[in-house]
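*Asks:* In full-length UniProt numbering, the protein residues as written are 1 to 328.
Hints were generated in silico from the structure; no laboratory data involved.
Beta carbons are placed, not taken as given, at the ideal position from N, Cα and C, and that holds for glycine.
Any given hint could be a false lead.
[Claimed, not checked] Have a look at the derived ranges for each label pair, beta carbon to beta carbon:
| # | residue 1 | residue 2 | range |
| --- | --- | --- | --- |
| 1 | Gly-205 | Leu-89 | 30 to 40 Å |
| 2 | Glu-48 | Asp-196 | 32 to 42 Å |
| 3 | Asp-313 | Glu-227 | 37 to 47 Å |
| 4 | Val-209 | Ala-119 | 35 to 45 Å |
| 5 | Ala-94 | Ile-326 | 13 to 23 Å |
| 6 | Asp-313 | Ala-267 | 40 to 50 Å |
| 7 | Ala-269 | Arg-189 | 49 to 59 Å |
| 8 | Asp-81 | Pro-291 | 35 to 45 Å |
| 9 | Arg-190 | Phe-62 | 36 to 46 Å |
| 10 | Ser-82 | Glu-48 | 31 to 41 Å |
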Amino acid sequence: MGEDSLPRATADWCRQRYGWCPRPDWVRVVPDVLKGMEVVVEFLTRPESPVALPVPAYMPFFDVLHVTGRQRVEVPMVQQDSGRYLLDLDALQAAFVRGAGSVIICNPNNPLGTAFTEAELRAIVDIAARHGARVIADEIWAPVVYGSRHVAAASVSEAAAEVVVTLVSASKGWNLPGLMCAQVILSNRRDAHDWDRINMLHRMGASTVGIRANIAAYHHGESWLDELLPYLRANRDHLARALPELAPGVEVNAPDGTYLSWVDFRALALPSEPAEYLLSKAKVALSPGIPFGAAVGSGFARLNFATTRAILDRAIEAIAAALRDIID
């Protein structure tokens, strides 16, 4: 049970969990999603074309564009009245008009937690298709969606299958990132042909243990995941309720998916960036907002709530205590 079995396990999981039926023979194994993304940008998009990047964005996406020598065109994610963040489609259209040859979407989104609906994905795909652009869909967080079924971008239409390349792994759903294994799911014959022409040195490196762990997760891990998700969802709801109550002025979004919350501290006028301030005053380590996008991350921090309720409560109480003098 090795690398040859993983494409089948990946396809089985996608069919069973998401109602999407990728071809096993179009699934490719890579060491991690970021390496897969690097190869896709380098070899499956228009040479030297800029890449549209929704911001705030997972920090290593900036590094992928740097190492591939691609310029980025930042496209804002805009908060709706509901609290959800959606991609600014007019800005995406403008990015393609300016020459962007692809867009990276993270679905569910890190750090914002948006799990895109079929209609939202179809709109993104249709804009890309009209401009002959690619959609690079990082769906590593797909197993961690609350109250709805993950929708794979490549599944929403025939046009989507022609323009989308999907990146997945068991690493987020089952806490396996250190084992070095991910999958690139190709959705059309042209991409499968072009991928196999890429020198293997660009795409090799998945570990044997990681391959076996991903197979085990996809074939035998669903019941464990189904027990985990209600706990994470309860933590999400508790955080979104408790922190604003104890620290008025702090806004906490309740993500559709992931176990990450994008926390807004801008109303408090802190003397330094929130993560820096809270590490010093509360001894709570959050991810600083600015590395997710300098223009959109200041005043924000990302909080990981995938922990025990007791530890989460300690963090909430420590944050609130550190902010009390400023709030008062």
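*Asks:* Now, for every hint given, state plainly whether the structure supports it.
*Replies:* Against the structure, the hints:
1. Gly-205 x Leu-89: 30 to 40 Å: Since Gly-205 and Leu-89 have Cβ atoms about 36 Å apart, the given range 30 to 40 Å holds.
2. Glu-48 x Asp-196: 32 to 42 Å: violated (23 Å)
3. Asp-313 x Glu-227: 37 to 47 Å: violated (21 Å)
4. Val-209 x Ala-119: 35 to 45 Å: holds (40 Å)
5. Ala-94 x Ile-326: 13 to 23 Å: violated (39 Å)
6. Asp-313 x Ala-267: 40 to 50 Å: violated (23 Å)
7. Ala-269 x Arg-189: 49 to 59 Å: holds (56 Å)
8. Asp-81 x Pro-291: 35 to 45 Å: violated (28 Å)
9. Arg-190 x Phe-62: 36 to 46 Å: Roughly 29 Å apart at Cβ, these two residues miss the hinted range, so it is violated.
10. Ser-82 x Glu-48: 31 to 41 Å: holds (39 Å)
Hints 2, 3, 5, 6, 8, 9 from the earlier list are contradicted by this structure; the remaining hints agree with it.
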